[in-house]
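Q: Based on these hints, arrange chain B on the given structure of chain A.
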Amino acid sequence: MNWWDYIILNPFTNVLLWIYNLIGHNFGLAVILFTILIRAITWPLNAQQLKGARVMQDLQNDKEWLDIQKKYAKDREKLAQEQMRVYQERGINPFASCLPTLIQFPIIIGLYQSVTRALAATPLTLLQLARSIYPFMNAAGIIPLNSHFLWMDLGRPEGLPFPGGLTIPFLPYGFPTLAIIVALTTYLQTKLTLPPSTNPNDQAAAMNSMMSIYMPLFLGWLVLNYASGLAVYFVTSNVLGIFQYAMMGRVNWRNLLPGGGKPAPSNVKNR
Amino acid sequence: MKRLTLISFVLLGALFMSACSSAATRGTSWPGLAVDANNAYLANGQYVYAVRLSDGTKAWQYSVSNGAFYSSPLVTPDGQLIVGSIGTDQGLYSLIPATGQQKWVFSGAKDRWIATPLATNDTLFAPNNDGSLYALKIATGQLLWTLSIGQPLWGAPVTDGKLIFLTSLDHFLYAIDPQSQKIVWKTDLGGSAAGSPALSADGTTLYVGSFGSKVFAINAANGAIRWTANTNAWVWSDPSINASNVFVADINGQVYSLDASNGQNSWSNIAPDGPITGSPLLTTDGAVVATESGSVYSLDHNGKMIWTTAIGGKIYTAPVASGNLVLIAPLGAQYLLYAVNEKDGSMLPWHFDGK
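Chains A and B, in that order, give the protein sequences. In terms of the working numbering, the first sequence has 61 at position 61, counting the first letter as 1, and numbering is strictly consecutive. Count along the second sequence from 1, then add 271; that gives the number in the working numbering.
If you are wondering where the hints come from, they were derived from the structure by calculation, not from laboratory data. Since this is a predicted model, take the numbers as computed values, not measurements. From the three backbone atoms N, C-alpha and C, an ideal C-beta is built for every residue, glycine too. Honestly, I wouldn't trust all of these hints.
[What the hints assert, rightly or not] Some chain A residues near chain B, calculated using beta-carbon distances under 8 Å:
| hint | residue |
| --- | --- |
| 1 | ILE36 |
| 2 | ALA40 |
| 3 | GLY249 |
[Said to hold, decoys possible] Simulated restraints on C-beta separations:
| hint | chain 1 | residue 1 | chain 2 | residue 2 | range |
| --- | --- | --- | --- | --- | --- |
| 4 | B | THR299 | A | ASN2 | 13 to 21 Å |
| 5 | B | ASP349 | A | PRO11 | 48 to 56 Å |
| 6 | B | ASN337 | A | LYS63 | 56 to 64 Å |
| 7 | B | ILE496 | A | GLY165 | 41 to 49 Å |
Chain A extracted, bound-state conformation (with noise of 0.2 Å):
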């Protein structure tokens, strides 16, 4: 057993089945509620990359910051000096929004993990998941986990039969409602969440519109071949994404609009 198991993956599962022994052995609302419990324990840092993004969006449409772009489109060194002054003279931390990223980065990557160890479905994922229950939380009693939930097996891919026994070599577990709805509330919660940007020649903004259209399609991909508890944390974590934005005034339902994408008013001040 590795560190990683030891410091995040192991308290990860035990506390995932521990609401699941909680609850009265649903897994799918164990998903949910485990789901909700991280997030509101990485609220701080999701609100702390939230403004530190916001400020740096601001910064892009800057007429200052514009200006300098301009001047020194050429001398990519005293750009890069100019730039630094500002950031000083502004107090602003470039890695303000990446730090709080990398420090969730783990804590996803865990709980998803979590999440697919717990829903061991073949005799060796049972022996992993034997070995990472403590001894306190009664693995026998546990074990098997009641993986259905609605009309799903949390264990394997989703999908409803599709009319009269139709079979599609790409969808082999049949329609994939899941999938559709994961990609749509990530997508959902891209859109709603982007910063807007006025400046043309933002990379920034042009990253994030990249990441609208790629994200949806690799989670929906995701979903469509593995477990479908998975998908469970991902809409939650959508949807509790949308959420926090909302809560913390940053959702911009314009962008949701055909050609939509006005500035949302933003109360956050360059510091």
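A: Just chain B now, kept in the frame of chain A:
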């Protein structure tokens, strides 16, 4: 630069997720192994292999689209090789052992096949992960009847000629009457049971281990518990029995020799070098066990080590005997199949690498 960082970030995440999710959803597990007079049959991932016992060469290999094979194949009395898939095909396949050609396939189950089926003269009893026991006509694979039990069924059934005995992850051992297709009795094992029960030679007692860290002796006629023996950890493997003793191992790596009449353990603290999931293989000298640490141990009747051989990888599959050979199918070793001499543990010159 930022774009590169972002892409690297997403790819790293994908790598983490893909690497860790495949086991749960795509069905990686440990190999299944069986033998007949000529060949060893190895179910390992995408393929079922037939390996000639004489020289370790490949006689044939079988695969199907979306198939994944890990359950131990079954050689039936009428000369078929039955193997179930845990892939998305969810097929239970009958192959001709000599050629590897498919004879029939049953695709009517709702989930994957982890348990090895039981064959009688005319019927195949196949437990599925969907919690149902399927009875098929052995000659054609035609479904005769289905009995829904509920939770995943991972252990191979056994029979006394009248009743079918079957463990379940739902913590119970079931006795099923194939004539009425009804459950005659069920006994709580205090935890899931992934292995098969062992039936005494006189057909009166069943021995079975469970994740409740217990071994039970159970009256085959009515399900009453005759005795219970505690173990240090989960018992995954099927018990192996001789006239007087029941041999089991637990996933902490301890091996037990229990008195068949009262469950008294006569081997104190016999623990080779790692967890044991495969059944002890009984030999004339005692028992052979294989550990997760990749070693094979031969123990005498008192539990004293006779020989040990390091194979490598991790061994979860029970060792299988063929004449004076012991066949070992490790996971993640250099080769897929090894043969060692039962008497001294020396390795045969051939190893099977799948090619």
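Q: Now look at each hint and say whether the structure bears it out.
A: Checked hints:
With 8 Å as the threshold, the beta carbon of ILE36 of chain A stays out of range of chain B, its nearest partner Cβ sitting at about 21 Å, so the hint is violated. A cut of 8 Å between beta carbons decides the hint on ALA40 of chain A: the least distance to chain B is about 22 Å, and the hint is violated. Below 8 Å, beta-carbon pairs count as interface contacts, and GLY249 of chain A has none with chain B, the closest being about 26 Å; its hint is therefore violated. Separation of THR299 of chain B from ASN2 of chain A is about 19 Å and conforms to the stated range, judged on CB atoms against 13 to 21 Å.
Remark: the range hint 48 to 56 Å for ASP349 of chain B to PRO11 of chain A is upheld by a beta-carbon distance near 53 Å. Checking the proposed 56 to 64 Å range against ASN337 of chain B and LYS63 of chain A shows it holds: the Cβ atoms sit about 59 Å from each other. Between ILE496 of chain B and GLY165 of chain A the Cβ separation comes to about 45 Å, which falls inside the hinted range of 41 to 49 Å.
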